[in-house]
Each structure stands twice: as C-alpha cells, then as structure tokens.
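If you read the protein sequences in the order shown, they are chains G and X.
Once you know that position 122 of the first sequence is 122 in the UniProt record's numbering, the rest is easy, because the numbers rise by one and skip nothing.
Once you know that position 197 of the second sequence is 197 in the UniProt record's numbering, the rest is easy, because the numbers rise by one and skip nothing.
Keep in mind that the hints were calculated from the coordinates and are not lab data.
Treat the hints with caution; some may be incorrect.
Note: identical chains are not told apart, hence a pair may lie in one copy or across any two.
Mimicking SDA-like on lysine to any residue, the simulated pairs with C-alpha atoms at most 25 angstroms apart in a straight line are [as the list claims (entries may be wrong)]:
| id | residue 1 | residue 2 |
| --- | --- | --- |
| 1 | Lys50 | Arg212 |
| 2 | Lys134 | Val75 |
| 3 | Lys102 | Glu60 |
| 4 | Lys102 | Gln152 |
This structure is a prediction, so every number in the text was calculated from the model and none was measured.
Residue strings, one per chain:
There are 2 protein chains.
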Amino acid sequence: MRDAYHDELRALTGRLVEMTRLVRSAMSRATTALLDSDLPLAESVISRDKDVNQLCEEIETSIFGLMATQQPVAVDLRTVITALRMAADLERMGDLAVHVAKIARMRHPDSAVPAEIRDSILEMGQIAERLVTKTGSCILTQNAELAQELEQDDDHMDRLHRRLFRMLLSESWEHGIEPAIDITLIGRYYERYADHAVRVAQDVVYMVTGSRVGE
Amino acid sequence: MRDAYHDELRALTGRLVEMTRLVRSAMSRATTALLDSDLPLAESVISRDKDVNQLCEEIETSIFGLMATQQPVAVDLRTVITALRMAADLERMGDLAVHVAKIARMRHPDSAVPAEIRDSILEMGQIAERLVTKTGSCILTQNAELAQELEQDDDHMDRLHRRLFRMLLSESWEHGIEPAIDITLIGRYYERYADHAVRVAQDVVYMVTGSRVGE
C-alpha cells in the first residue's frame, strides 16, 4: 500500500511539473501574441487554458483519492495539502496568461503595446518564463536554494513593473488613456503571475522543510 | 472523539465567518478612506490586515491538527479541505482591501477618485460589502440558494466595472493618465474581491452538495 502511495506521489509531482510547462508556454505565447498582434496565437492561449484546468482537476482528484485511501499523516499530509495549493496557484497563472492574450485579441489588428513599451513587456515576459521554469525545477528537484533565486527574479519583475508606471506617467507619453489602461492591466497580470510562481516555489520549501518562507 | 471533531468543525465555521466580517470591514473602510481621502482610516486597513492573516493561519493550524488527529474521510475530508481554500480566498480579499487603502494613502491629501467616478466606486464598495455579508451567511447557514444570489451581485459588479472603463475612455475624461491608472487598478481590486467572495460561497455549496457550481 505504501508503494502505491509513493507511486501516486511521484505521478502528482509529474503533473505539477507538467502544469508549470503548460502555463510557461501559455505566457510565452501570450507575450508574443501581444507584441506581434498575432490573433491565432492569442486564440490558442485562450482555448488551451482548458488543458491547464483539466490537469488541475486531475491533481485534485488524485489528492482526494490519496487522502481517502491512504489517510496520510505528518509529512505526507503536509505534502498532499501543499500540492493542492500549488495546483491552485498554477491554475491561476494560466488564467493570467489568458488575460494577457485577451487584451491582444481585443486590440487586434492594432497592437495594445506602444513601441517604447515593447522592450519592457518583452523583458517582463522573459522573467515570467524564467520564474516558472525555475518553479518547475524546484518541484522536480525539491531544491530549497533555487526557491531563493526566484525571489530575486521576482524583485526584478517588481522593478520592471514600477518602470512601466513611470513610462505611463512621463511627459513623453502620447498614447492617451486606452493604451495606458491596457498597459496598467498587462503589468498587473505579469506581476501577479510572477507572484504565484514564487508562492509555488515557497510551497516546495514548505513541503521539504516544514517552514514557511518569505510570506 | 467524534464530538471533539464536531466541536472543532463548529469553531472552524466560526473563524471563517469572523474572517468574512474582518474583510468586509476592511473593504468598507478602504472605500471610505478612498472617497474621503482619510489617511488614518487607510492606515487602519493596512495595519489591521495582520488580524486577517492571523485568523487564516489559525484556521490552517486547526485544520492540520484535525487532519492529523481525526483523519477525516469522505464528507468530513471534503469539508476541511474546502475550508482551507475558503480561508485562502478570504485572506486574499483582505489583501485587496489593503491595495485599495494603499492607493488612498498614496494620493493623500488629494483624492484618487475624480468627482464623476465617486458614485461608481461607492456602488462597487457597497456591492462588495453586500457580497461578503452574504458569503458569511452562506458559511453560517450552509444555504446553497443564497450562493446563487451572490452570482447575481457579482454580475452587477462586472457591469459597474465595465461602466468604469467606459467613463475612463469617454471624450469627457479630463483627468489624464495618473487617475486613469488608479481607477483601472481600483476597479480591478473590487472586481477580484467580488470574485473571491463568490468562490467562497461556491465552496459552501461544494461542501454541502459535493458538486461544483459556476466554475
């Protein structure tokens, strides 16, 4: 019975890592769709989000099954409960990629991103991808040190987010209100995405050590 | 032992209801702080958020204790796992009230809200309060029908949110970019707050019936 339990736990880890891959790909495609005004790509992010949701449901079902049949205690209990929370955060990251894609779709064939903002958005997209890639490695390797690296990347994201506001508020902003609203929301989506990625990594630390970090 | 378990469950329900009260009060004060540029009130929202976080931690500790000692299965297991998720949503609602209060603090002694937007913000604040009050009743009474009412209030919130964007984008908007950014974020915070309130109510339905609604 305990072997079945550990097989199930391994499968669970695999599903969580797969979720990081899906939401990384979703945000990567959403960023490109936004910068290239690529409607089919935006649509693909929106339509494929159901794969993320389904994986999240599979994880929940598997955890409920585990808890009902194996009645884990102590460390095992902590592991499965934390995995539930991780799946919920990853699912939310998929939603945030969809929000970015929907702005790209709404403005198509125009671009929601004025030329002078493109570099910042590209960089936020790259940091988002780097963060979630590291989150995936954290889950796979259960490496608590890697989780600390994520917090630095998250600080970088926060700096870019503040730079975005400064650009919107600068004298030279000449695009008016609508793009300012779009960029405000887009900035918030990347920042939240990064936040969730860090939370998932912190949950890995909690799983491994039993101590909460950085909250 | 089962009596101790049900006492603990009742205490858990009480704590969740208390969380709805705290985050209702937080958003109510945040809305007033925003509309009246009331700095001490804004500060009170920000400093008292730790009470919400502490209650959330108490709930988590109590649930982990319950699971370790009582090893609940089936309906009982569903109940405690769902309660964990509800506490996390309520904790997030407290954060969103803090975000609103921080915008009030940042713009003080000015107001972040131009005159023609005040009514909309006031109404969004009132709907937010109504929603979370109903969420509290849902938790207390386990009334699944009440949960459906919440979805109507949430639709109302979404309409107000769209109206906010229309006002920002109208020809008559003369306040420039900074207030537009503030209002975009504020609108998003109320909308997310409402969303979490609905999710908590949906979780009550899930606890009672075992079926997910509205997701």
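Comparing the hints with the structure gives:
Taking the shortest alpha-carbon separations for lysine 50 and arginine 212, only the inter-copy value of 16 angstroms comes in at or below 25 angstroms, while the best intra-copy value is 31 angstroms. When the C-alpha separation of lysine 134 and valine 75 is checked against a cutoff of 25 angstroms, the pair qualifies only within one copy, where the shortest distance is 24 angstroms, while the shortest distance between copies is 37 angstroms. Taking the closest pair of Cα atoms, lysine 102 and glutamate 60 never come within 25 angstroms of each other, the shortest separation being 27 angstroms inside a single copy and 35 angstroms across copies. Taking the closest pair of Cα atoms, lysine 102 and glutamine 152 come within 25 angstroms of each other only across two copies (24 angstroms); inside a single copy the shortest separation is 29 angstroms, beyond that limit.
Against the hints set out earlier in the document, a violation occurs for number 3 only.
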